[in-house]
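S.K.: Based on the provided sequences and hints, a complete structural model is requested.
Number of protein chains: 2
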Amino acid sequence: MASPDACFCLSWRMAVEANNAQGWRTVPPQCVGHVERYMLGGQYGSDVAAVADQIAIYLGGSAAADGKDAWILDVDDTCLSNLPYYKEKHFGGEPYDSRAYVSWVLRGACPAIPQVLGVYRKLMERGFQVFLVTGRSEDVLGASTVENLAAQGFDGHHRLIMRSAAYRGYGAVPYKSTIRRQLVAEGYRIRGNVGDQWSDLLGECVGDRTFKIPNPMYFIP
Amino acid sequence: MASPDACFCLSWRMAVEANNAQGWRTVPPQCVGHVERYMLGGQYGSDVAAVADQIAIYLGGSAAADGKDAWILDVDDTCLSNLPYYKEKHFGGEPYDSRAYVSWVLRGACPAIPQVLGVYRKLMERGFQVFLVTGRSEDVLGASTVENLAAQGFDGHHRLIMRSAAYRGYGAVPYKSTIRRQLVAEGYRIRGNVGDQWSDLLGECVGDRTFKIPNPMYFIP
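Residue numbers (this note's numbering), protein chains in the order written: chain P, 646 to 866; chain Z, 646 to 866.
Since the hints were derived computationally from the structure, they do not count as laboratory data. Please read these numbers as outputs of a predicted model, since none were measured by experiment. Glycine included, every Cβ here is placed at the ideal spot set by N, Cα and C. Take the hints with a grain of salt, since some may be wrong.
Claimed, not checked - If the Cβ cut is set under 10 Å, some of the chain P residues that face chain Z in the computed set are:
(1) PRO649
(2) GLN667
(3) GLY687
(4) GLY801
Said to hold, decoys possible - Chain Z is nowhere near these chain P residues, computed Cβ spacing over 12 Å in every case:
(5) ALA647
(6) ARG658
(7) VAL661
(8) ALA663
(9) GLY678
(10) ASP714
(11) GLU739
(12) VAL747
(13) SER782
(14) GLU783
(15) VAL791
(16) HIS803
(17) TYR815
(18) ARG854
(19) LYS857
Claimed, not checked - Derived coverage of chain P by chain Z (criterion: at least 3 residues anywhere in the stretch with Cβ under 8 Å from a Cβ of chain Z; other residues may be distant):
(20) 650-657
(21) 688-697
M.R.: What follows is the structure in C-alpha cells.
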C-alpha cells in the first residue's frame, strides 16, 4: 500500500469522481502535492484517455441517423483545459478566485484537452450535432470563448450555448437541465453527454449515456 | 508515473467507479493482479472508509424527524462482502458463475463490510428507517440472507426487501426503482441510498443523496 497520505488522497479523488464527495471548496491540504503529480505526471491523461475509450466503445460503428442525433460537451476542463491557470492556484488548493479566473479566460489561452478533441472530431465525422454547453457568461466571456475554441480546433459545431443574462445566478444543474430540455423540445435526441462535473450530467434530459471526465481541482454545485 | 499496466488499471478502475465503463463482463486480464492488490492491500478499505466519511459529513448531526425518514442500503458488497468468494474467481477475472455464486450465498458466510456496518449502526441510532434492498432471490436465498445479515450485526432494520417471484427477470434499475417508488408511495422520504453498483443508484426515486461503494470485481446492469 502507498503512504497514508497517498492512500487517503487516492480515496478522496475516487470519492470525487464517483460523486460521493460534494460541496468541497478546496483540495484537502495534504492532497495538493498528490493532485499536482496526478495532473502533471501522466495519470490524469491516462484517465481522460480511458473515458475517450469508453465513448468509442459506446459509439461502436454508429453514426447520426439524421440531423437530430446530438451530443453535448461541456467546455471548461472538458474541451478546454484550465490546467495552466490552476498551476498558479495550487491545483485547487486555493479557493475559487472569480476575478483571476475571468482574467485567465479572457486571454483565450486554454489549450485543448487532446483526448476530448479526438472525441469531438469523431462525433463531427459521424454526423452528430455537437452542442457545446457552458456556464461561462455570454456577455463577459463570449468573444474570448469563441476565439479560444476555434483556435484549439473545436470548430464547425452545431451550437455554442453560453449562459445568457436570463440564467445569471442559476445553479449548474437547473441551468444545464433547462438548456437540455429546450434541445429535446426542438426534437434533438441526446445520445451522449460529456462533462468534468457531475452537475453537467445530473438533472433532466441528461442523455442516453453520460461520461465523467476527471477533475480533482474544483467542484461546481 | 506507475508502470503502463498499473496506469491503465487505475484508469480502468476510475472509469468503473465514475460509471463511464458499463456492461463489462470480466476484469481486463492485465488488471487481475491490480484488482487483487487493490482489494487486499488496503486501498479498497481506505476507499470504503472515505465513502463512510462522506456519509458522516452529509448526515452531520441530523437525525430522523419521524418514522418516515429512510435510508436504503444494498446488500451484496455493500453491507456484506463477497470477497472470500471472488478470491476463488480471480477477483472478477472469471465470468459470472451463477451456480457457484448461489452455493456461496447459501453458506451464509459473507463477512460484514465493517465501514458500512458503522454507517448502518449510526443510521439506526439516529432513528432512520433502514431498508435493505437486494436483487437476491427471496425463494432461494431468503433464509441464508436473513441469517447471514443477523450474524454479521445487520439486525433491527425496518425491512429486508428481496427479489420476489414477481420481479424475476427484471433488470436491477427497473426492479430497484419499482421498490423505491413503492416506498415513496408509502410516505417514506429516501434521505440516502448506498450501493456498490450504479444500478442501485440510478432510475427513479433514487433519494436525496446516493453513495457509490467501490467494486471493481463485477458489473450488474
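S.K.: None of the hints should be skipped; say for each whether it holds.
M.R.: Here is how each hint holds up against the structure:
1. The restraint placing P:PRO649 at the interface with chain Z holds, with a minimum CB-CB distance near 9 Å, inside the 10 Å limit.
2. The interface hint given for P:GLN667 is met, as the beta carbon of that residue sits about 8 Å from the closest beta carbon of chain Z, less than 10 Å.
3. At its closest, the beta carbon of P:GLY687 sits 4 Å from a beta carbon of chain Z; the interface hint therefore holds under the 10 Å criterion.
4. Using the Cβ-Cβ criterion of 10 Å, the hint placing P:GLY801 at the interface with chain Z is not satisfied: the shortest such distance is roughly 26 Å.
5. Its closest Cβ contact with chain Z, about 7 Å, brings P:ALA647 to no more than 12 Å, contrary to its assignment away from the interface.
6. For P:ARG658, the non-interface assignment is contradicted: its Cβ lies about 8 Å from the closest Cβ of chain Z, within the 12 Å cut-off.
7. Its beta-carbon lying about 9 Å from the closest one in chain Z, P:VAL661 breaks the requirement of being farther than 12 Å from that chain.
8. Taking the minimum C-beta to C-beta distance to chain Z, about 4 Å, the non-interface status of P:ALA663 is violated against the 12 Å cut.
9. Under the 12 Å C-beta cut-off, the non-interface status given to P:GLY678 relative to chain Z holds; the minimum distance is some 15 Å.
10. No beta-carbon of chain Z is positioned within 12 Å of the beta-carbon of P:ASP714; the least distance is around 20 Å.
11. With a least CB separation of 21 Å from chain Z, P:GLU739 remains clear of the 12 Å interface cut-off, as annotated.
12. No Cβ of chain Z approaches the Cβ of P:VAL747 within 12 Å, the least distance being about 29 Å, so the stated non-interface status holds.
13. Every beta carbon of chain Z lies more than 12 Å from that of P:SER782, the smallest distance being close to 28 Å; the non-interface claim holds.
14. At roughly 30 Å, the least C-beta separation between P:GLU783 and chain Z is larger than 12 Å, which holds for a residue marked as non-interface.
15. Every CB of chain Z lies more than 12 Å from the CB of P:VAL791, the least distance being 29 Å, so the non-interface label holds.
16. A cut-off of 12 Å between C-beta atoms confirms that P:HIS803 is not in contact with chain Z; the least separation is 24 Å.
17. A cut-off of 12 Å between C-beta atoms confirms that P:TYR815 is not in contact with chain Z; the least separation is 20 Å.
18. Distance check for P:ARG854 against chain Z: the nearest CB is about 8 Å away, which does not clear 12 Å, and the non-interface claim fails.
19. The claim that P:LYS857 is not at the interface with chain Z is violated, since a C-beta of that chain comes within 12 Å of its own (minimum 4 Å).
20. Counting residues of the stretch 650-657 of chain P whose CB falls under 8 Å from any CB of chain Z gives 5; the rule of at least 3 is met.
21. Check on the stretch 688-697 of chain P: 6 of its residues sit with their Cβ under 8 Å from a Cβ of chain Z, so the three-residue criterion for coverage holds.
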